[in-house]
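Peer 1: Construct all of the structure, not just a fragment, from the sequences and the given hints.
So you can see what is in the structure, the chains are spelled out below.
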Amino acid sequence: MPEALLMTENRLDDPDAAFRLLVEAHRALPEQESQMLNAKLVLLLANHIGDIAVLREALEIARR
Amino acid sequence: MSAHKTIYQYGYRRSSDQDRAGPAHHSVVIIGAGPVGLSLAVDLAQRGIPVLLLDDADRIGEGSRAICFAKKTLEIFDRLGCAAPMLDKGVRWSVGRVFQGEDELYSFDLLPETGHKMPAFINLQQYYVEGFLVERVADLPLIDLRWRNRVSAVSRHPDHVRLTIDTPDGPYPLTVDWLIACDGARSPTRAMLGLDFAGEVFEDQFLIADVKMVADYPVERRFWFEPPFHSGQSALLHKQPDNIWRIDLQLGRDADAEAEKRPETVMPRIARMLGHGDFTLEWVSIYKFQCRRLERFQHDRVIFAGDSAHQVSPFGARGANSGVQDAGNLAWKLALVVKGEASASLIETYDTERSEAADENILNSTRATDFLAPHSPAEKTLRNAALSLARHTGFAKRMVNSGRLSMPTAYVGSPLSSPDDAVWEGGIPPGAPISDAPVVAGGQPCHLSEALGQDFTLLHDAGALVLSEEDGLKPLALGRDIHDAEGMLHNRFALNKGGGYLIRPDGHVAARFTSIDQAKVSAALRRARGG
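Protein sequences appear in the order of chains H and V.
Using this note's numbering, you'd call the opening residue of the first sequence number 462 and step up by one each time.
Using this note's numbering, you'd call the opening residue of the second sequence number 411 and step up by one each time.
Calculated from the structure, these hints are not laboratory results.
Check each hint, because a few of them may be wrong.
Computed list of lysine-lysine pairs in DSS-like fashion (alpha-carbon distance at most 30 angstroms, straight line) [what the hints assert, rightly or not]: (1) Lys884(V) x Lys907(V); (2) Lys930(V) x Lys884(V); (3) Lys501(H) x Lys807(V); (4) Lys501(H) x Lys790(V); (5) Lys499(V) x Lys527(V); (6) Lys671(V) x Lys622(V).
Listing some non-contacts, in silico: residues in chain V with all C-beta distances to chain H over 10 angstroms [what the hints assert, rightly or not]: (7) Ser425; (8) Asp769; (9) Glu896.
Some chain V residues flagged as far from chain H (calculated, every beta-carbon gap over 10 angstroms) [as the list claims (entries may be wrong)]: (10) Gly458; (11) Gly511; (12) Asp549; (13) Asp780; (14) Ser798; (15) Asp830; (16) Asn906; (17) Gly941.
Note that the Cβ used here is the ideal one computed from N, Cα and C, for glycine as well.
Peer 2: Here is the structure:
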């Protein structure tokens with residue numbers, strides 16, 4: 462296992478607010494639109510990270 | 411609708427090999443007079459190698475065929491002396507546009523830079539390409555092209571191959587030193603040798619049609635995701651000469667192929683796309699795409715090239731282009747081996763290098779096909795998310811994949827390449843294809859691609875040491891033999907004082923030197939010829 466690139470310790474000033482922001486975005490959305498929203502977010506954030514090794518690591522943790 | 415119209419008709423002629431008591435012997439036999447077999451035959455003949463070229467038909471007709479010929483392929487055709495009529499007849503293009511619904515998502519230009527002799531792409535029906543190649547073959551007495559000669563049996567031996575060939579006059583036997591099977595995706599040679607052609611078959615069905623109509627649509631590759639005229643699927647429209655347009659329409663997994671081919675289904679479908687019914691159908695077929703390859707392209711003295719060795723989906727124009735580039739890679743190597751100037755092991759590097767190309771083509775083709783036809787609802791959501799974001803964001807435009815168009819493969823880690831003698835800033839690394847550039851030679855403006863030798867070329871700074879003559883190596887002194895009139899060669903090669911490039915006969919870099927000397931060049935040349 463190479464040295465971890467993905468930061469998994471908290472980096473947010475207000476984690477509750479961040480979580481709440483995501484939850485509210487999905488509230489009252491039909492299932493399909495909700496999935497589309499998530500998919501768009503994943504692509505936007507993957508590009509922002511800009512490193513396929515970090516993305517690979519995130520996928521690995523998400524699959525656990 | 412004419413399912414298989416004959417475009418060029420050729421004749422069977424009895425050969426003296428058929429009147430012998432025992433089998434005649436030929437050094438090189440190529441099976442299949444398609445773009446790959448014809449290119450290989452011309453390339454070998456230009457290198458002084460006699461070639462027997464066999465084809466089971468006696469005509470070139472329409473069918474599911476290539477239309478997009480890429481710059482690297484055109485550079486090979488130019489070297490083979492037949493690019494000029496193709497360029498005259500073909501439709502030049504370099505821009506592609508991708509739409510979703512009514513809206514353009516993004517456009518791309520495949521050749522944003524100038525100074526290349528050949529365009530990024532021309533569209534030209536495969537039968538014209540084959541027709542021009544057959545005309546070129548007629549100039550070359552070293553090629554014996556035999557129509558209606560169908561190979562019906564092949565047996566492999568460590569140092570030769572035995573063939574049985576069926577003709578209208580009955581069968582005859584041959585023995586062969588080298589057999590090159592360019593007999594297409596359904597290669598009978600591959601089947602007769604029992605070789606596994608493994609890979610992925612895509613479930614989605616596509617309708618491919620050529621229609622004839624007068625239209626003033628732009629000469630661009632136009633691709634639609636979920637177009638207004640073809641609900642929920644994808645569509646492609648691309649111009650060919652003679653007012654012929656190629657159409658690809660995705661039909662999905664559950665389409666009934668037989669029903670979809672009927673004129674009463676096809677015609678209204680295409681009319682919806684074009685917005686009118688003022689066209690005639692030249693040819694139509696329903697396809698499932700496949701991405702597969704032979705594990706090895708060489709089996710003793712039998713070598714596979716083109717679709718017989720590897721098959722991809724058509725989005726990306728990687729079929730015929732990679733096949734002709736297979737031929738360009740194999741021809742010079744086989745010529746050296748047949749002439750006894752290189753060991754037979756040089757042919758193994760054809761397998762290594764063109765395997766790298768096949769894997770790259772299969773990777774790109776699989777990614778594009780998966781983007782067009784997602785495998786699951788979740789995959790489709792991600793695909794649609796990328797399409798939706800592409801309207802507002804640059805990064806997502808780059809993810810939209812309607813086919814990544816054929817580019818020549820750089821042979822990274824090729825055993826024929828010599829490592830750099832110093833750190834290079836820019837330029838073209840060993841194994842990569844060279845870039846063309848405008849130059850002046852003998853007072854005349856031309857291109858670097860025209861100034862290269864038939865065999866190896868040493869492109870070097872004129873200030874560098876004068877080398878003693880070597881067979882099969884053309885020195886090309888920059889500043890003496892050719893002049894970099896527009897500075898593009900310098901920009902593309904990063905060639906400095908005293909430096910040079912050793913360029914292979916197929917236009918790939920074998921080695922480059924920051925400071926050239928006889929010993930380095932000789933060693934790199936030896937290595938590039940297989941040691």
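Peer 1: So, for every hint listed, does it hold in this structure?
Peer 2: Hints and how they fare:
In summary, the hint linking Lys884(V) to Lys907(V) is supported, as the alpha carbons are separated by about 19 angstroms, within the 30 angstroms threshold. Between Lys930(V) and Lys884(V), the direct Cα distance comes to roughly 16 angstroms. Compliance with the 30 angstroms bound is thereby established for this hinted pair. Under the criterion of a C-alpha separation no larger than 30 angstroms, the hint pairing Lys501(H) with Lys807(V) is consistent with the structure, at around 13 angstroms. Note on Lys501(H) and Lys790(V): the hinted pairing holds, with a Cα-Cα distance of about 12 angstroms set against a maximum of 30 angstroms.
The straight-line distance between the Cα atoms of Lys499(V) and Lys527(V) is roughly 16 angstroms, inside the 30 angstroms bound, and the hint therefore holds. A hinted pair counts as satisfied when its Cα atoms are at most 30 angstroms apart, and Lys671(V) with Lys622(V) qualifies at roughly 17 angstroms. Ser425(V), annotated as away from the interface, keeps every beta carbon of chain H farther than 10 angstroms; the closest lies near 57 angstroms. Every Cβ of chain H is farther than 10 angstroms from the Cβ of Asp769(V); the closest lies at roughly 19 angstroms, confirming the non-interface assignment.
With a least beta-carbon separation of about 36 angstroms from chain H, Glu896(V) lies farther than 10 angstroms from that chain, consistent with its non-interface assignment. In this structure Gly458(V) is separated from chain H by more than 10 angstroms, as the shortest Cβ-Cβ distance comes to about 49 angstroms. Even its closest Cβ contact with chain H, about 16 angstroms, leaves Gly511(V) beyond 10 angstroms, as expected for a residue assigned away from the interface. The claim that Asp549(V) is not at the interface with chain H holds, since no C-beta of that chain comes within 10 angstroms of its own (minimum 51 angstroms).
Once the 10 angstroms rule is applied to beta carbons, Asp780(V) is consistent with being away from chain H; the minimum gap is 15 angstroms. At the 10 angstroms boundary, the C-beta of Ser798(V) falls inside the reach of chain H, the nearest C-beta of that chain being 7 angstroms off. Even its closest Cβ contact with chain H, about 27 angstroms, leaves Asp830(V) beyond 10 angstroms, as expected for a residue assigned away from the interface. No Cβ of chain H approaches the Cβ of Asn906(V) within 10 angstroms, the least distance being about 34 angstroms, so the stated non-interface status holds.
A cut-off of 10 angstroms between C-beta atoms confirms that Gly941(V) is not in contact with chain H; the least separation is 37 angstroms.
Checked against the numbered hints above, the structure violates only hint 14.
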